[in-house]
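Visitor: From just these sequences and the hints, can you work out the full model?
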Amino acid sequence: SIVEKKVGDISYAAVRVTATMSENWQLEKFPFDRHKSEVFVEESNPLASDLVFVPDVVNSKLGDEINLAGWTPSNFNAEVRAKGHHSNCVDPSLPTDARSEFSRFALAMDLHRQSFGRAIKLLSTVLLATAVAFVAFMVKPSDLDARLGMGVCALFAVAASAFIASSSVPDSGVMTTADAMHMVALAFIFGTLLISAICLKFEVSGREALAFRIDHICVVLLSALFYGWAAYQVWRALY
Numbered sequence: 001s002i003v004e005k006k007v008g009d010i011s012y013a014a015v016r017v018t019a020t021m022s023e024n025w026q027l028e029k030f031p032f033d034r035h036k037s038e039v040f041v042e043e044s045n046p047l048a049s050d051l052v053f054v055p056d057v058v059n060s061k062l063g064d065e066i067n068l069a070g071w072t073p074s075n076f077n078a079e080v081r082a083k084g085h086h087s088n089c090v091d092p093s094l095p096t097d098a099r100s101e102f103s104r105f106a107l108a109m110d111l112h113r114q115s116f117g118r119a120i121k122l123l124s125t126v127l128l129a130t131a132v133a134f135v136a137f138m139v140k141p142s143d144l145d146a147r148l149g150m151g152v153c154a155l156f157a158v159a160a161s162a163f164i165a166s167s168s169v170p171d172s173g174v175m176t177t178a179d180a181m182h183m184v185a186l187a188f189i190f191g192t193l194l195i196s197a198i199c200l201k202f203e204v205s206g207r208e209a210l211a212f213r214i215d216h217i218c219v220v221l222l223s224a225l226f227y228g229w230a231a232y233q234v235w236r237a238l239y
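Reminder that position 209 of the sequence shown reads as 209 in the numbering used here, one-by-one numbering, no gaps.
Calculated directly from the structure, the hints in this document are not laboratory data.
All values derive from a computational prediction rather than experimental measurement.
The reader is advised that the hints may include incorrect statements.
[To be verified] Computed cross-link-like contacts, EDC-like style, restricted to lysine to aspartate or glutamate with a CA-CA straight-line distance of at most 16 Å:
hint	residue 1	residue 2
1	Lys-61	Glu-38
2	Lys-83	Glu-101
3	Lys-121	Asp-179
4	Lys-201	Asp-143
[Unchecked claim] The calculated label-pair distances, taken between Cβ atoms and stated as ranges, are:
hint	residue 1	residue 2	range
5	Asn-67	Ala-98	42 to 48 Å
6	Gly-117	Ile-217	33 to 39 Å
7	Tyr-232	Ser-37	25 to 31 Å
8	Gly-117	Thr-96	51 to 57 Å
9	Met-21	Val-58	23 to 29 Å
10	Pro-170	Val-7	43 to 49 Å
11	Glu-23	Leu-144	48 to 54 Å
12	Ser-37	Ala-197	50 to 56 Å
13	Val-54	His-85	19 to 25 Å
C-beta atoms are modelled at their ideal positions from N, C-alpha and C, and glycine is treated no differently.
Guide: Encoded structure:
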């Protein structure tokens, strides 16, 4: 029900609205994403020249009972905007290219994650599994079973982690930060397997010193490249 009240020349109306709304979120930075949620209230009949909303900024705030699991709302804001529609509002007396302007009341708030716990749970496997693949460079090239075993196990671990990460967000064509980390990690792990095969060939052909040198260079270089890139991705998602 609507409660109407008039004080002087100003008319007030109050109504309690319960609604289920959906909103498209930008998931590119998942699981370090932040979002801005907006709700618009617009009168369908009077134009802006007939009705203009006036926000009660002082008394507009979020209720104490609001609880979004894993999220912290902040920067709540209430404002009025003029919204134009390129339509004659089904009025045949108006031209087809008519433009109507309505008063729109907008509520907005920022949502950010309460902690990095979810990000740590999602990305710890891919970061540790890739480290295991790099540790394989510390094993002699002739111990091929051990080296390939470490790489293959890391490959399956990252693949399983990628499946979990992708199932944590709605199905979309967006490449998230988590997706990028898993795909790049798979490429690095495949690179370690390829280098292991090359080093084995060098050792078998009598160039054992060259094989060890490649291992020593790769364990440092690949680790620096991957974890440096991963740190940059996290920094870019946060800032």
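Visitor: So, for every hint listed, does it hold in this structure?
Guide: Hints, one by one, checked against the model:
1. Among the hinted pairs, Lys-61 with Glu-38 is consistent with the structure: their alpha-carbon atoms are about 14 Å apart, no more than 16 Å.
2. A distance of roughly 6 Å separates the Cα atoms of Lys-83 and Glu-101; the hinted pair therefore holds under the 16 Å criterion.
3. As the CA atoms of Lys-121 and Asp-179 are separated by approximately 14 Å, the hinted pair is consistent with the 16 Å bound.
4. Between Lys-201 and Asp-143 the CA atoms are separated by roughly 12 Å; this keeps the pair inside 16 Å, and the hint holds.
5. Look at Asn-67 against Ala-98: about 45 Å separates their beta carbons, and that is inside 42 to 48 Å.
6. As the Cβ distance of Gly-117 to Ile-217 is approximately 36 Å, the hint placing it in 33 to 39 Å holds.
7. Distance hint for Tyr-232 and Ser-37: a CB-CB separation of about 28 Å, consistent with the stated range 25 to 31 Å.
8. The supplied range of 51 to 57 Å is met by Gly-117 and Thr-96, whose beta-carbon atoms lie about 55 Å from each other.
9. Between Met-21 and Val-58 the CB atoms are about 25 Å apart, so this pair conforms to the stated range of 23 to 29 Å.
10. Checking the proposed 43 to 49 Å range against Pro-170 and Val-7 shows it holds: the Cβ atoms sit about 46 Å from each other.
11. A beta carbon spacing of about 52 Å between Glu-23 and Leu-144 agrees with the range 48 to 54 Å that was offered as a hint.
12. Taken as a hint, the range 50 to 56 Å holds for the pair Ser-37 and Ala-197, whose Cβ atoms sit roughly 51 Å apart.
13. For Val-54 and His-85, the hinted distance range of 19 to 25 Å is satisfied, since their beta carbons lie about 21 Å from each other.
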